[in-house]
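Required output: the full structure, derived from the provided sequences and hints.
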Amino acid sequence: MLDKLYKTLRKWYYLYILHRKYYRTGSCNACGRCCQKIYVKHTSVVQTEAEFERLKKQHVFYTYLKVIGKDETGLVFECTNLDKETNKCKIHKNRPGICRRYPQEELFAMGGTLAEHCGYKLVPVESFEEVFCKVQKRIKKDL
Numbered sequence: 552m553l554d555k556l557y558k559t560l561r562k563w564y565y566l567y568i569l570h571r572k573y574y575r576t577g578s579c580n581a582c583g584r585c586c587q588k589i590y591v592k593h594t595s596v597v598q599t600e601a602e603f604e605r606l607k608k609q610h611v612f613y614t615y616l617k618v619i620g621k622d623e624t625g626l627v628f629e630c631t632n633l634d635k636e637t638n639k640c641k642i643h644k645n646r647p648g649i650c651r652r653y654p655q656e657e658l659f660a661m662g663g664t665l666a667e668h669c670g671y672k673l674v675p676v677e678s679f680e681e682v683f684c685k686v687q688k689r690i691k692k693d694l
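So the mapping is simple: the numbering used here equals the position in the sequence shown, first residue as 1, plus 551.
By construction, these hints were calculated from the structure, which means they are not laboratory data. It is possible that part of the hints are untrue.
Computed cross-link-like contacts, SDA-like style, restricted to lysine to any residue with a CA-CA straight-line distance of at most 20 Å [stated by the list, open to error]:
1. Lys562 to Lys685
2. Lys639 to His668
3. Lys555 to Lys635
4. Lys641 to Ser578
5. Lys608 to Val618
6. Lys635 to Thr614
Right, here's the structure in full:
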């Protein structure tokens with residue numbers, strides 16, 4: 552009984568307070584892939600090094616990144632704090648908030664995905680069946 556109440560309250564909190572559609576589950580397995588081949592989105596995905604230089608003045612996080620390439624999406628970055636031998640963060644205890652909150656559902660909004668062997672998963676707060684039932688009820692109500 553309490554377990555069901557907890558799940559209901561948790562779902563409500565995520566949907567209506569946090570406005571989230573996914574729960575983050577799992578844990579980091581130190582593969583280091585989230586620190587490589589990164590796109591940076593400010594108002595849009597960063598396209599030029601001049602734009603990136605302006606961002607570095609706005610927030611310290613951007614100073615940890617270096618440009619490693621460019622593709623059809625925009626500039627591609629990697630974090631300079633990733634130790635390539637251990638795949639561990641050199642500043643783990645003092646890492647920026649964006650790193651602490653990884654992965655966030657905004658990753659999907661940008662068209663991104665989790666690395667194949669990432670220890671994290673993003674699980675929908677509402678199942679497909681729940682969303683489908685809500686839509687059916689709305690359609691019936693509108694008819």
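These are the hints, each one checked on the structure:
Restraint check for Lys562 and Lys685: the C-alpha separation of about 15 Å stays at or below 20 Å, so the hint holds. Distance hint between Lys639 and His668 is fulfilled; the C-alpha atoms sit about 16 Å from each other, no more than 20 Å. Between Lys555 and Lys635 the alpha-carbon distance is near 44 Å, which puts this suggested pair outside the 20 Å criterion. Between Lys641 and Ser578 the CA atoms are separated by roughly 18 Å; this keeps the pair inside 20 Å, and the hint holds.
For the given pair, Lys608 sits about 16 Å from Val618 by alpha-carbon distance, which is consistent with the 20 Å threshold. Distance hint between Lys635 and Thr614 is fulfilled; the C-alpha atoms sit about 18 Å from each other, no more than 20 Å.
Of the numbered hints given earlier, the model fails hint 3 alone.
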